[in-house]
Amino acid sequence: MSGPITVTLSYQVRRGRGSQFSVSATSLLGTAATQPGYLGAGVMGAAPTGREWEVFYRFDGEASLAEWEQSHAYARWIEYVEKFATRSEARRSVDGESWSVEHEPAQPLPRVAAPSARVSGGRAARRRQEEALREEAEREAAEREAAQREVALFEAAQREAALADAAQREALEREAAQREAALLEATAKREATQREAALFEAAQLEAAQREAIQREALEREAGRARGRPA
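For what it's worth, the numbering used here labels the leading residue of the sequence shown as 10, then goes sequentially.
Hints were generated in silico from the structure; no laboratory data involved. Owing to the predicted nature of the structure, the values given are computational and were not obtained by experimental measurement. Think of the CB as a built atom: it goes at the ideal place given N, C-alpha and C, for glycine as much as any other residue. Be aware that one or more of the hints could be misleading.
[As the list claims (entries may be wrong)] Only pairs whose alpha carbons sit at most 20 Å apart, straight line, appear in this in silico EDC-like list of lysine to aspartate or glutamate:
(1) 198 x 179
(2) 92 x 164
(3) 92 x 61
(4) 92 x 63
[Stated by the list, open to error] Label pairs and their computed distance ranges (CB to CB):
(5) 172 x 203: 39 to 49 Å
(6) 91 x 70: 21 to 31 Å
(7) 102 x 42: 18 to 28 Å
(8) 177 x 216: 54 to 64 Å
(9) 203 x 39: 51 to 61 Å
(10) 134 x 101: 22 to 32 Å
(11) 200 x 222: 30 to 40 Å
With the hints as constraints, model all of the structure from the sequences given.
Structure representation (structure tokens):
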């Protein structure tokens, strides 16, 4: 089967990690946009709860898709998000036909007990409810801060890896250019040597021809001298 291929990855993200997932996925897809054969990508929340997300990307064929999915950037992102998200499904689509690949049932995520919405008439019950709400808010704030730090570290690692890849490519390009320059120089030297040899042979031939002409002239002169009476 040939033609453009769209891959859709469905994830269940832990509570409070939706923003972290979105930012890291957007960063990943920015890297995908630099790959050969890239046709588009996106990330979106698939449910109002903010815990179900989809990432999709589209490439012009199997070869370019495989190159992307085997890249270091893709592997690093998969390893990163699996710390706080579980892939529920991966689907491929070609020409309107869609099928599931690498399907792994979603694992149940730990649930965070929400404080009861029912307010008792007693002060003790109200205090417990307020304390639970405050703890929940503090926990969510701490998770957001941790998520922001992890996203920053992930993006920094992505930038560092991109710089390292670019430096490696530049080094390889320099080596290739140096090899090509050395090859051109060797070719030029060989051609110069061949030209010098050809010029030397031509000069030798010309000198031999002159000597032959001179000998013939001397022989003719000697013949005429012998033919004259004494």
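* **Structure versus earlier hints, numbers of those that do not hold, lowest first** => 1 and 10
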